Amino acid sequence: DAGVTQSPTHLIKTRGQQVTLRCSPKSGHDTVSWYQQALGQGPQFIFQYYEEEERQRGNFPDRFSGHQFPNYSSELNVNALLLGDSALYLCASSRGTGGAEAFFGQGTRLTVV
Amino acid sequence: AQSVSQHNHHVILSEAASLELGCNYSYGGTVNLFWYVQYPGQHLQLLLKYFSGDPLVKGIKGFEAEFIKSKFSFNLRKPSVQWSDTAEYFCAVNPKAAGNKLTFGGGTRVLVKP
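Keeping their order, the protein sequence lines are chains A and B.
Counting the first sequence from 1 gives a position; my numbering is that position plus 599.
Residue numbers are given in my numbering: position 21 of the second sequence equals residue 1, and the series is strictly consecutive.
These aren't lab readings, by the way, just hints derived from the structure by calculation.
Just so you know, these numbers come straight off a predicted model, no measurement behind them.
Please note that a few of the clues may not be correct.
Listed below are the simulated DSS-like cross-link pairs for lysine-lysine, each with C-alpha atoms no more than 27 Å apart in a straight line [stated by the list, open to error]:
1) B/K93 <-> A/K625
2) B/K93 <-> B/K38
3) B/K58 <-> B/K38
4) B/K38 <-> B/K49
5) B/K76 <-> B/K93
6) B/K38 <-> A/K625
7) A/K625 <-> B/K76
8) B/K58 <-> B/K93
9) B/K51 <-> B/K41
10) B/K76 <-> B/K51
11) B/K29 <-> A/K625
12) B/K51 <-> B/K38
Produce the complete structure using the sequences and hints provided.
Have a look at this one:
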């Protein structure tokens, strides 16, 4: 039973570029949430996808967008990258939207130079 | 908006010492509470969770936590730590009205010296 898988593991981008991060949820899970973890801080909620729609959103600008596919996998897109977007991006999956336990992937380390 | 405070950023202790990590949250409604652990080079893993019922919950690896509703606290404890407990520990809150959204504390880095 595969857990949550994210790709790529590391990424270096230049300021102003765009990036796409990918996540496959744990088997049996249909909800995907994305978090940003800056160095030395706890993860911060970006948004959550369920039934291919964004259901909740944290305090992040529109440069951050996402998508969920029919197989429940998800993408996080960030446009017009800023140096401050450098962080570990975590994907978490769960069942439904009723507050179930979340399982996290290893994350994608994004460095913007 | 809810917030989560973890009182200690860094904790250093010796093997067999007792550990207690503080966590307080600000939210007036009903919440689910979690402690996650991140071992060096690994992903976030769930240590324990509280949804309802007995406020003293037991998790994996000998950890337990106590929910004190009147104090908005959910402190993590382990009576006797091992070197392998070296990790970063995160408290997280999920208001029951907020779906699956987790609000995390800033984390506490624990170093256990052999």
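Right, here's what the structure says about each hint:
no.: 1; hint: B/K93 <-> A/K625; verdict: violated (35 Å)
no.: 2; hint: B/K93 <-> B/K38; verdict: holds (24 Å)
no.: 3; hint: B/K58 <-> B/K38; verdict: holds (10 Å)
no.: 4; hint: B/K38 <-> B/K49; verdict: holds (17 Å)
no.: 5; hint: B/K76 <-> B/K93; verdict: violated (38 Å)
no.: 6; hint: B/K38 <-> A/K625; verdict: holds (24 Å)
no.: 7; hint: A/K625 <-> B/K76; verdict: holds (22 Å)
no.: 8; hint: B/K58 <-> B/K93; verdict: holds (15 Å)
no.: 9; hint: B/K51 <-> B/K41; verdict: holds (26 Å)
no.: 10; hint: B/K76 <-> B/K51; verdict: holds (18 Å)
no.: 11; hint: B/K29 <-> A/K625; verdict: holds (19 Å)
no.: 12; hint: B/K51 <-> B/K38; verdict: holds (20 Å)
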